Amino acid sequence: MKFFYWISQTKIWESVFRTKLPISTNLDRALVIFNSLSLHIHPIKVRERAIKFTYTFYLGMISFFLFLVLTITGILLMLYYQPAIPNAYENMKDLKYVVSNGNFLRNMHRWSAHLMVISVFLHMLRVFFKGAYRPPRQFNWIVGVVLLIITLLLSYTGYLLPYDQLSYWAVTVGANIARYVPLIGEELSFLLLGGNNIGEYTLVRFYVLHCVILPAFMVMLIAFHFWRIRKDGGLL
Amino acid sequence: MMNEELFQVEESSDSKVVTRRVAVFPQKTPVKFEQQRPPEKIVMTFPSLIIREVICFQVVVIVLVIISLLFDAPLEELANPQNTPNPAKAPWYFLGLQELLHVFPPVVAGVLIPFCVIVALVVIPYFEINIKREGLWKENQKKTFIIFSSIIFMLVLILIFFDVFSIAVPTLLIYALAVLPYFVKKKSPFINWLSQLSLAEWIMTWFALVSLILIFIGTYFRGPGWSWVYPW
Numbered sequence: 001m002k003f004f005y006w007i008s009q010t011k012i013w014e015s016v017f018r019t020k021l022p023i024s025t026n027l028d029r030a031l032v033i034f035n036s037l038s039l040h041i042h043p044i045k046v047r048e049r050a051i052k053f054t055y056t057f058y059l060g061m062i063s064f065f066l067f068l069v070l071t072i073t074g075i076l077l078m079l080y081y082q083p084a085i086p087n088a089y090e091n092m093k094d095l096k097y098v099v100s101n102g103n104f105l106r107n108m109h110r111w112s113a114h115l116m117v118i119s120v121f122l123h124m125l126r127v128f129f130k131g132a133y134r135p136p137r138q139f140n141w142i143v144g145v146v147l148l149i150i151t152l153l154l155s156y157t158g159y160l161l162p163y164d165q166l167s168y169w170a171v172t173v174g175a176n177i178a179r180y181v182p183l184i185g186e187e188l189s190f191l192l193l194g195g196n197n198i199g200e201y202t203l204v205r206f207y208v209l210h211c212v213i214l215p216a217f218m219v220m221l222i223a224f225h226f227w228r229i230r231k232d233g234g235l236l
Numbered sequence: 237m238m239n240e241e242l243f244q245v246e247e248s249s250d251s252k253v254v255t256r257r258v259a260v261f262p263q264k265t266p267v268k269f270e271q272q273r274p275p276e277k278i279v280m281t282f283p284s285l286i287i288r289e290v291i292c293f294q295v296v297v298i299v300l301v302i303i304s305l306l307f308d309a310p311l312e313e314l315a316n317p318q319n320t321p322n323p324a325k326a327p328w329y330f331l332g333l334q335e336l337l338h339v340f341p342p343v344v345a346g347v348l349i350p351f352c353v354i355v356a357l358v359v360i361p362y363f364e365i366n367i368k369r370e371g372l373w374k375e376n377q378k379k380t381f382i383i384f385s386s387i388i389f390m391l392v393l394i395l396i397f398f399d400v401f402s403i404a405v406p407t408l409l410i411y412a413l414a415v416l417p418y419f420v421k422k423k424s425p426f427i428n429w430l431s432q433l434s435l436a437e438w439i440m441t442w443f444a445l446v447s448l449i450l451i452f453i454g455t456y457f458r459g460p461g462w463s464w465v466y467p468w
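Protein sequence lines correspond, in order, to chains A and B. Mapping the first sequence onto this note's numbering, position 21 (from 1) lands on 21, and the numbers just tick up by one. Mapping the second sequence onto this note's numbering, position 75 (from 1) lands on 311, and the numbers just tick up by one.
Hints are computed from structural coordinates only; laboratory data are not their basis. Note that the coordinates shown come from a computational prediction; the quantities given were computed from them, not determined experimentally. All C-beta atoms in this analysis are idealised placements derived from N, C-alpha and C, irrespective of residue type, glycine included. One or more of the hints may lead you astray.
[Stated by the list, open to error] Looking from chain B toward chain A, a few residues come up when the C-beta cut is under 10 angstroms (computed):
id: 1; residue: Pro323
id: 2; residue: Gln334
id: 3; residue: Gln377
Can you make the complete structure from the sequences, with help from the hints?
Below is the structure:
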């Protein structure tokens, strides 16, 4: 503790963290939030009722944390993945039998993805039944709906990447639905798959969608979603 | 001369008195309620909220680690376009859609219904009825009952015509609960609770229930050729 105190008084510490330790007054507590890049999305004070577990069940928070876990495990998985046939599948085998903790990494990514779909859906239900879409929060509700759709798309594009029987045919079922879109169905399916059937280019397309395009939209919209909560007057 | 006047007007455009809003009473808000609401307790974000976030994150990670250690992600053999598994199933969250695809024409189940669901979700906050959310039986009970019942009747008829009992049954269940306060006039906490639920809440409950049931059926009760099988 003494050592920690000494560190906190050094010039280097002070240059990095602007909040002086110890934190003893409400002004200090406010400054912790105020001076931090990662925390400043929070207001300095919150309603006590709004932060109770039974008020929101922390579903939005849980969804965000799952997204965080998915990003981290996803980046680590990218290190072992080649979007090619049959390399993609062989990489899965490698993850399972060769890479240290590779299986654990993949499990973590997959189960988080499933749980995120559930938690985002439950979050939507919670917000709905609380009536938290009422003005002035209409637009944040729409952003939330888009985030739900992106979550589903992320999960769906990720489903193909192992390129085993399960993912191939699951994605086939989904891609066939695109064909039924009136007028532009065939073109849409071709655009999505990068061909008439699922193949090498589909894998690359889904890989880029899964790792770059959709996460980019997701991050931007999450930031907007959070910012908008505060602008609309906090949690409800 | 003209300019000078304009200039003077501009100079004095700042209001001298700052009006202060004391209270807002929207038309339908009971004034009594607004006045009686006690001031809410406010706490510092750090540490009250931050500690909850940290604990929540830890719980999420711990739960994920336990699940990941206990259950392995499925991995079948290399994808083979020549070998179609029977049945080929979509990811579980799309199994409800696949279930619909099995009974309705593809354009309806694959395109129209998902599109309508998304549109319905997006427009929720723009309708007065969803914003007010008054109890279904608040006014004009007889008219409500006739309109509500006939719409449900039509819907169930269409569903039975397409043999979709997996949707027809929960629809009737929700309907039975929704019209219960119309028939049972005896006051009990359960009936009171039912009667104050709005149309929006009933529809969302119905949507969530139907999605859940369809996903459940698609996951556990569908075998070769999408026929009905039992998981045991």
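Hints versus structure:
no.	hint	in the structure
1	Pro323	holds, 9 angstroms
2	Gln334	holds, 6 angstroms
3	Gln377	violated, 23 angstroms
Going through the hint list in order, the structure does not satisfy hint 3, though it satisfies all others.
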